[in-house]
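What follows is the residue order along each chain.
There are 2 protein chains.
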Amino acid sequence: MPAGTPENWIVGRAPEGETDMTYCLGILLPEGLVLASDSRTNAGVDQIATVRKLAILENPDKAVIALMSAGNLATTQTVVTTLKQAAGTGTPDRDLFLHNSMFDVAQTVGGLLRRILERDGPYVERFGDPNGTFLLAGQIRGEPPRLFQVYSAGNFVEATPRNHYLQIGETKYGKPILDRALRFDNGLARAAKLALISFDATIRSNLSVGPPIDVLCYQTDSFSTRNLIKYKNSDPYFTELKQRYSDGIQATVDAIPEPRLCPEG
Amino acid sequence: MPAGTPENWIVGRAPEGETDMTYCLGILLPEGLVLASDSRTNAGVDQIATVRKLAILENPDKAVIALMSAGNLATTQTVVTTLKQAAGTGTPDRDLFLHNSMFDVAQTVGGLLRRILERDGPYVERFGDPNGTFLLAGQIRGEPPRLFQVYSAGNFVEATPRNHYLQIGETKYGKPILDRALRFDNGLARAAKLALISFDATIRSNLSVGPPIDVLCYQTDSFSTRNLIKYKNSDPYFTELKQRYSDGIQATVDAIPEPRLCPEG
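Chains as they are written, first to last, in this note's numbering: chain A, 12 to 276; chain B, 12 to 276.
Don't read these hints as lab results, they were simulated from the structure.
Because the structure is a prediction, the values reported are computed rather than measured.
Check the hints yourself; a few may be wrong.
Any copy, or any two copies together, can satisfy a pair, since identical chains are not distinguished.
[Claimed, not checked] SDA-like mimics (lysine to any residue), calculated; alpha carbons at most 20 Å apart, straight line:
#: 1; residue 1: 73; residue 2: 42
#: 2; residue 1: 243; residue 2: 269
#: 3; residue 1: 95; residue 2: 122
#: 4; residue 1: 241; residue 2: 173
#: 5; residue 1: 243; residue 2: 197
#: 6; residue 1: 241; residue 2: 271
#: 7; residue 1: 253; residue 2: 265
#: 8; residue 1: 253; residue 2: 190
#: 9; residue 1: 253; residue 2: 192
#: 10; residue 1: 253; residue 2: 263
Please build the complete structure, drawing on both the sequences and the hints.
Below is the structure:
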C-alpha cells in the first residue's frame, strides 16, 4: 500500500453528536510520544463546530506524523485532507513526506493553515470563528520524536524537556493532574495512564468532552502505530483506572485533617 | 460600632502586584456557607484589572452578607463601596440591610451593577472590558443561608442542593476535585478542606492565582464571621494539606496498573 493513501490514515472518529468540545493532549518523553484526543464532536452550528481528532500519516519505516485538531471543523478538515491527499505526491508546500525534519513539517502545516484561513476566513467570520489549531507530533528518521503546537496564526511552539506536554481545546480541567504527577522521565505506559486520568477529570467536569478516547503511544524509532488504542467508556482498563483514581482521591481527602474552626457562640 | 461602617467590612486584600487572575468559590451546605477567594491582584493595565476579594457586611445578629468579585476592578469596587456606604442608611436600592431576603439583596446588587455599567461602561469599553461579576452569599435572619452568582448583566442564579457550589474567575483547574469529593451533606470543615485543595490545584496550574487565600466558614444562624481565616502559603495547616494531598495523588497514580502496550518490533 503506497504511503499517503487514505488507508495509511487512522482518523480517530467516534459516533457523532454526543459532545461539543475538544480536548487533545500531546506528551513528549525520552521513550517517545503519548498522544490523546477525545471523540469527534459538533457544535450546534456547523460553521463553528468544534472538533477533535487524531489523524496519523505514516511513511513506512521513514516517518510517522500525527495531527490532532481543535477549532473550526471546516478549517482543520481542509488542512488535514489537503495534507493527506498530497502525502507522497511530491507537491511542494503540501507533501509532508518531502521533509527531513519535523520542524519543516510544522512550517508546512502552519503555512497551509495560513493560506486556508486567508482564503476562507473572510467568508466564514460573519458566521463564526474560522480559526483552528493543531498539535503536531511525530518522528522522521534521523531525528528524535518531536511535538509542536501550531496556532491559528500559522506560527508554532515546540515541546521541550522542561515544557514537555502541550494541550489544545478544553485544557484546564485536565492540567492539575499532569502538573502534579507527570515527569519528563516517565515511561510511555505511565504517561498514557496519566493522560487517561487527565481526560477523566475533563470528562467529569465538562459534560461536552466525552469518550471514546484515542491514545497513541509512539515508541521512539519504532515508526509504528500499533499502540493506538481506543478507550470506550466501558473499556475494562479505563473503568478500573477511573474507579481506583476516584477511590484514591476520596481516601486521600478523608485522611487529611480538617481545619479547626472556632465553635460558634 | 454601627452597622455599615468601614470597620464592619473585612476586605480580603493581600499585598498587591503578585498575581493577575482571580478565583472565588462559594459552597452552600446544610450547616452554612464556605466562601473562599485568593488574594487581590492587578492586571497590567488598571482599567482592565482583574481582582478578587472577599467583602463582608455585618448587621449584628440580623444579617451577614458577603461579596466576592471578579472582573473590572473599578466596576466591582464601585459596587462594593457604594453598598458599604449605604449599609444602614436606609437609602432605597442601595442599603442591603433594608431587605428581609437574600433574593432581594441579589436584585439590589444586580441592579446597582447594571446602573454602574450603564454609566461607566461606554467610557471604559475602548480601554478594556468594564464587566464584573459577583458571588453573593450570606444569611438574613428568618431565612437559611443562600448563595448567588450575579452576572455582569445584573441577572443572577442561586445555588441549590443539586448545584451547591458556584465559582467565578479562573474556575476550571479547581473544579475536578470539587466534582469528585464535595457533597451537599459535607460539614463546613470538610468543605473548607476541599476548597483549599481546589485553590491549591488552581495555584499549581496557573501561576497568576496565588495565596493568601481567605476562607470564611459561616455557620447557619451564627451571624458571626469569627471563622474567617487567611491562609498564607506558609501556613502550617495549608502546607500540610498540600503535601498530604500531593503524596496521596502520587501514591494513587502509582498504585493504578499501567495500560499494556504491545512490544514494538
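Hints, one by one, checked against the model:
| no. | hint | result |
| --- | --- | --- |
| 1 | 73 / 42 | within (18 Å within a copy, 64 Å between copies) |
| 2 | 243 / 269 | between (37 Å within a copy, 17 Å between copies) |
| 3 | 95 / 122 | within (15 Å within a copy, 56 Å between copies) |
| 4 | 241 / 173 | neither (29 Å within a copy, 33 Å between copies) |
| 5 | 243 / 197 | neither (24 Å within a copy, 33 Å between copies) |
| 6 | 241 / 271 | between (46 Å within a copy, 13 Å between copies) |
| 7 | 253 / 265 | both (18 Å within a copy, 14 Å between copies) |
| 8 | 253 / 190 | both (19 Å within a copy, 14 Å between copies) |
| 9 | 253 / 192 | both (16 Å within a copy, 14 Å between copies) |
| 10 | 253 / 263 | both (15 Å within a copy, 11 Å between copies) |
This entry does not satisfy hints 4 and 5, going by the numbered hints stated previously.
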